[in-house]
Amino acid sequence: MAHAYTPGLKVTDNIVLRKERRLPILGEVRVGLGDTVRPDTVVAETELPGDPQTLNAANVLGLLPMEVPSHMLKKEGDKVSEGEVIGRASSLFGLIKRQLKAPCDGTIERISEVSGQVTLREPPVPLQITAYIHGTIVEVLPREGVVIETEGAFIQGIFGVGGETFGTIRFRAAGPDKPLTAADIDDSCRDGIVVGGSLMTGEAIAKAAKVGVRALVAGGIIDTDLVEYLGYDIGVAITGQEDVPTTLIATEGFGPMRMADKTFELLKSLDGYEASVTGATQIRAGVMRPEIIVSGYRAKKKRKAEASAGLVPGTPIRLIREPYFGLLGEVVELPPELVVIETEAKVRILKARLQSGEIVTVPRANVEILES
Amino acid sequence: MARTKHGPGKEIRSILATDCGSTTTKAILIEKRDGVYRLIVRGEAPTTVEKPFEDVTAGARNAIREIEELTGRKLLGDDGVLTPHKGDTGVDIFLSTSSAGGGLQMMVAGVVKTMTAESAERAALGAGAIVMDAIAVNDGRKPHQKIERIRNLRPDMILLSGGVDGGTKKHVVEIAELIAAAEPKPRLGIGFKLPIIFAGNKDAVPHIEETLGEKMDLRVVPNLRPVLEREVLGPAREEIHNLFMEHVMAQAPGYDKLMKWTPVPIMPTPAAVGSLVEAVGKENGITVIGVDIGGATTDVFSYFKETFNRTVSANLGMSYSICNVLLEAGLDRIKRWLPFKVADAELRNRIRNKMIRPTTIPQTLEELIIEQAISREALAMAFEHHKTLATGLKGIHRGGTMDRFVDQAQVGAESLIDMKDLGLLIGSGGVLSHAPRRIQAALMLIDGFQPEAVTPLAVDSIFMMPQLGVLATVHPQASAQVFDRDCLIRLGTVVAPVGPAPSGREGPVQVVRVKVTLPDGQTLEESAAYGEMKRIPVPEGAKVRLRVEPSRGYDVGAGPGHRVEREVDGGVCGIILDCRGRPLVLPENDAERSAKLLEWFRALDVYPQEPLAGLVES
Numbered sequence: 016m017a018h019a020y021t022p023g024l025k026v027t028d029n030i031v032l033r034k035e036r037r038l039p040i041l042g043e044v045r046v047g048l049g050d051t052v053r054p055d056t057v058v059a060e061t062e063l064p065g066d067p068q069t070l071n072a073a074n075v076l077g078l079l080p081m082e083v084p085s086h087m088l089k090k091e092g093d094k095v096s097e098g099e100v101i102g103r104a105s106s107l108f109g110l111i112k113r114q115l116k117a118p119c120d121g122t123i124e125r126i127s128e129v130s131g132q133v134t135l136r137e138p139p140v141p142l143q144i145t146a147y148i149h150g151t152i153v154e155v156l157p158r159e160g161v162v163i164e165t166e167g168a169f170i171q172g173i174f175g176v177g178g179e180t181f182g183t184i185r186f187r188a189a190g191p192d193k194p195l196t197a198a199d200i201d202d203s204c205r206d207g208i209v210v211g212g213s214l215m216t217g218e219a220i221a222k223a224a225k226v227g228v229r230a231l232v233a234g235g236i237i238d239t240d241l242v243e244y245l246g247y248d249i250g251v252a253i254t255g256q257e258d259v260p261t262t263l264i265a266t267e268g269f270g271p272m273r274m275a276d277k278t279f280e281l282l283k284s285l286d287g288y289e290a291s292v293t294g295a296t297q298i299r300a301g302v303m304r305p306e307i308i309v310s311g312y313r314a315k316k317k318r319k320a321e322a323s324a325g326l327v328p329g330t331p332i333r334l335i336r337e338p339y340f341g342l343l344g345e346v347v348e349l350p351p352e353l354v355v356i357e358t359e360a361k362v363r364i365l366k367a368r369l370q371s372g373e374i375v376t377v378p379r380a381n382v383e384i385l386e387s
Numbered sequence: 036m037a038r039t040k041h042g043p044g045k046e047i048r049s050i051l052a053t054d055c056g057s058t059t060t061k062a063i064l065i066e067k068r069d070g071v072y073r074l075i076v077r078g079e080a081p082t083t084v085e086k087p088f089e090d091v092t093a094g095a096r097n098a099i100r101e102i103e104e105l106t107g108r109k110l111l112g113d114d115g116v117l118t119p120h121k122g123d124t125g126v127d128i129f130l131s132t133s134s135a136g137g138g139l140q141m142m143v144a145g146v147v148k149t150m151t152a153e154s155a156e157r158a159a160l161g162a163g164a165i166v167m168d169a170i171a172v173n174d175g176r177k178p179h180q181k182i183e184r185i186r187n188l189r190p191d192m193i194l195l196s197g198g199v200d201g202g203t204k205k206h207v208v209e210i211a212e213l214i215a216a217a218e219p220k221p222r223l224g225i226g227f228k229l230p231i232i233f234a235g236n237k238d239a240v241p242h243i244e245e246t247l248g249e250k251m252d253l254r255v256v257p258n259l260r261p262v263l264e265r266e267v268l269g270p271a272r273e274e275i276h277n278l279f280m281e282h283v284m285a286q287a288p289g290y291d292k293l294m295k296w297t298p299v300p301i302m303p304t305p306a307a308v309g310s311l312v313e314a315v316g317k318e319n320g321i322t323v324i325g326v327d328i329g330g331a332t333t334d335v336f337s338y339f340k341e342t343f344n345r346t347v348s349a350n351l352g353m354s355y356s357i358c359n360v361l362l363e364a365g366l367d368r369i370k371r372w373l374p375f376k377v378a379d380a381e382l383r384n385r386i387r388n389k390m391i392r393p394t395t396i397p398q399t400l401e402e403l404i405i406e407q408a409i410s411r412e413a414l415a416m417a418f419e420h421h422k423t424l425a426t427g428l429k430g431i432h433r434g435g436t437m438d439r440f441v442d443q444a445q446v447g448a449e450s451l452i453d454m455k456d457l458g459l460l461i462g463s464g465g466v467l468s469h470a471p472r473r474i475q476a477a478l479m480l481i482d483g484f485q486p487e488a489v490t491p492l493a494v495d496s497i498f499m500m501p502q503l504g505v506l507a508t509v510h511p512q513a514s515a516q517v518f519d520r521d522c523l524i525r526l527g528t529v530v531a532p533v534g535p536a537p538s539g540r541e542g543p544v545q546v547v548r549v550k551v552t553l554p555d556g557q558t559l560e561e562s563a564a565y566g567e568m569k570r571i572p573v574p575e576g577a578k579v580r581l582r583v584e585p586s587r588g589y590d591v592g593a594g595p596g597h598r599v600e601r602e603v604d605g606g607v608c609g610i611i612l613d614c615r616g617r618p619l620v621l622p623e624n625d626a627e628r629s630a631k632l633l634e635w636f637r638a639l640d641v642y643p644q645e646p647l648a649g650l651v652e653s
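Here the protein sequences line up with chains H and R, keeping their order.
Quick note: to get our numbering, add 15 to the position in the first sequence (first position is 1).
Quick note: to get our numbering, add 35 to the position in the second sequence (first position is 1).
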C-alpha cells in the first residue's frame, strides 16, 4: 500500500498547533474566546470530590447494622469536624459507653443500615488546569475547558518521563554526538530547559534535579540511569504522571544516540527562547510523544509547509532497528517485490544511502520519515 | 440458516468480515465455491480511530478497498458495504469485530476473592474484557486503598457480584457503598454515567439500587453464583456485551456508522476468538488451548472438561508491553534461550527501543532469536496466569463432618488443564504467525506451554480467528470450513514423554521409540534419548499413523510404559520428539546450555546453520 509507512517524529521550526485543555469533571472556564494566555494562566478550574472515609460504625459502637442510624448524632448531609463525636452507644445498662468520632473534617455522606458503615466525605479539593503554552483561546468548551492555538517551533521526542513544565531553553550540547555531563549544568540552568547532545548521563540527571532544572533534553538515556532516577522500572510506555523534579525527554531512544542533525540545529537556534515541554508518552491507544513547543518562534527562512509524500526516492529517513539503529539516510529505491532478508522473512524493503555513502537494504517497517 | 437483509432462509454465499484492531484493520472475503466455503482474499489498512481521522470506517473502507482491487468487485457504497451479492457487486453479509482503542476494560468486584470475585472475573474475561482489577472484601486491601484504586482506574464498566441468592446482603452492599463513595469515572466521556452490572444476591437488589442507582447506569442481571456449586455466567456476559455496544462502541469514533453496516452485533475481538476456540472444541470433541500473543496483551483460551476459559495477560506483549516481559521474567530467563552472548545493557536497550518503536521487525538473525526468546517467556507467564483461573469452582462444600470446619473459600479447586490430554494447541499473533520458519513457531509453542504426551500444534496463518469467531455466531458451518481449510496451518505433532530425569551415570537413556506409517504405507522409525529433540519429516499435510512406545517409567498419555497409537497430522513440521523432560529445565552452565540449544536447533532445523554458527563464534 503506497501510504504504509511509519510516520516519523515531527521536528519543525514553524507549525500552527491547537491544544485542548480539559477538566476531568465539569467545572468553570476562566478565560474567554480570543484571550491571550501564558503557560501558567489558569484556563479552567473545578473541585474534585474529597476522599471518602468509610467508618465501620457497627463495629465501633458494638451495634447491629440496622441499629446504627438511630445511634448517630449526625445525619446525612451534616458537616462535621475532626474529633467530633458523631455517634454514641452504651451497653450493660450504661456501664460501657462507646463513641464514634470523625477522623477528619468533612460531610456525612451516607449512613447504611445494611452494612453498618458510615461514609464521611472529606472537603473538596480544588483543581486548576493551566494553558501550558503561550497562545490564543480559539474555542471555549462550556464547563469543560478550552482549545488554545499557537504558532511556532515544535519538536517531538521518542520517549520521556515527567509532566508539563515550561522554562527558558539553555543549550549546553557540545555536539550532537557528545554526552551531557554534570559539568555542563550549573546554577544558571535553574528553572530552565537544558539541551544536551547524544546522552543525558545519570550524573547529569542528578545534577539537574539538584539545581532545579525543569526539563532535560538529549538524544538518549541509559535505561539503568532512568530506573535509578524513577526508583522503579518502567513496564509499559505510558508516562507523564511520575513524581519527578525534572522532566526528561529523549529524542532518539535508549542508549547513547547521536541527536538527529535537524533536531540539534533547531534546538540550538532556540537557545534563550521560552518553551513549554512535557515528557508524557503513550505508545498505544492514543499515541502521545514528549514534546517541546516554542510559541512565537519565527524561522529565519520561511518555507512552504509540504504534505508528506510518504516514502519516495529522496525521502530523508532514520533507521530505527538493528543493525543500523539511529543512522540517518535517504531513500534510494523502493522495490515493489517482497525480498528475503537475513531472518529468512519475506518483506517489503527499501534501499537507503546512509550519511557515510553506503547503500543498505532495510525493511520498510524499520525506518521512520524525518518529518518537517 | 443465518439471516441476511432479505430475511431468514436465503443462503449466504458471500461474506465480508473485518477486525478493527488497535493498529490495523483486516478484512477478509469468504465465498462458497464448489459447495465449500473458502477464504478468497484479504486486505489490510491502518486503523483510523485516532487523530486525524477519528472514524473507524475510514480504515475499514481502506482495507475493503484492497479486496476490491484484488478481486475487481465493487463492495462499497456510500452508506457502507453493499448487500446482497449480485454478480460482481456486494456480499450477502458483513460482520465485524473490534479491539480498537484498547478494547473493553473492566473492573470487577465480589465478596470473596476466590469465589464470587473470581466468578465475576471469568464472566468479564469470557465477554472479551481486560480486567483491570478485581476487588473483594477479603482481598487484603483496606477500604481507603480500595477506594483509591477504584478512583484511579478508568474502566469502561464495572461488574459487581456477591452473595448467593437468599444469603447475606451485608458484604455485597458494603462493596457497593465503597464503589459509590469512590465515584469512578468512565474512560470515555466526561458527562456519562459509568455503567455497572449487578449480578449478585437478588435480595440485595433494592439496596444496590438505592446505593448506586443515581450515580451510575445500573443494570441488574441474574446472580452469576446463585449457589456456591453453580456458576451462571451467561446473563452477565450478555449484559457486558450489550453495554459494550451501547457505551464503549457508541462513543468510539465512527462505530455508530460501522454498526449500521452490519446486522450482527460487533463483537470485541477476544470474545470472538474465544467463541471460535470453544466452537472448535465442541464440534470436534477435543480439548483446546489457544493463545494470541499481541503487541500489548497475550490472551489464552482453553476448552477443557466442557468449560471454556479465557485470560488476558494485559501486561505481556511483544511491543508495547515488551518491557513488562523483561520486568516480570528478568533478563536471565530471557538470556537462557540464547545460544550466543549479548551484553546485558545492550539487550535491555534493544528491548526498550522495541517498546518505543513497536512496529519494527527483526532484520538480523540475532534480533529474531532474541525476539523469539522473549516470546517464550511471555507465553509461559501468560499460561501460568491462565492456569490459576481455569479451575473448578472454589468454596464448594465437599461433604463430611470435618469439611464444615474448613474455610470454604480456601478449598482448593482442581485445575481444569491437563497437558497430557490436550487435543490441539493453536498459536496466533505476529511473532508466531509470521515466524520465517514454521518450526520456529512450533518450538516457541512447545517451550512456552510444555505440552505433554502427544499434542497437535497449529498456528493461525493470517490472524482471521476474530472474523471467523463472529461468523460462527451466524454461520457455524462457513466458519468451521474456512477455519479448517484456510485459517489453520497445521504445524505437526509433538511427542513429549513425561518421566524422571536419569541420574546421568547411565549414559544416554532411550525414553521413546516412534514408528510413523505414511499414507503410501512407507514407515519411518526413530528413537530418542532423554534430553534429545528429533524431527521426523513427513509429506506436508499428510495424515499419518503414529505409534509411540515409551520406555519403562515414561508416559505418553496412556500411563507409564504404555504404548499409544493414533492418527495424527504431520503438518508442515512433521513429528517432533521432545525428550527434554517436564517441567523443562535448561542447564545452568552457560556453555552447556548453549551447546544444548544449538543441538536442538540443529536437530529441528530451526535456524539457518551458517549464520547461527557465526553468531555463536563472535
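Hints in this document: simulated from the structure, not taken from any laboratory.
Mixed in with the good hints there might be a few duds.
So the derived list for chain R, only partly shown, Cβ under 7 Å to chain H, looks like this [unchecked claim]: (1) Q180; (2) A216; (3) P397; (4) T423; (5) T426; (6) P535; (7) A536; (8) H597.
Label pairs and their computed distance ranges (CB to CB) [unchecked claim]: (9) H:P64 <-> R:E245: 15 to 23 Å; (10) H:V355 <-> R:L619: 29 to 37 Å; (11) R:P87 <-> H:E128: 53 to 61 Å; (12) R:P622 <-> H:V140: 51 to 59 Å; (13) H:G77 <-> R:Q180: 41 to 49 Å.
Some chain H residues judged to face chain R by a derived CB distance under 7 Å, without partners named [said to hold, decoys possible]: (14) G65; (15) T69; (16) V129; (17) R185.
Everything numeric in this text was worked out from a predicted model, so none of it was measured.
Even glycine gets a Cβ: it sits at the ideal position worked out from N, Cα and C.
(request) Quick one: which hint numbers does this structure break? Sort them smallest to largest. (result) 1, 4, 5, 6, 7, 8, 13, 14, 17
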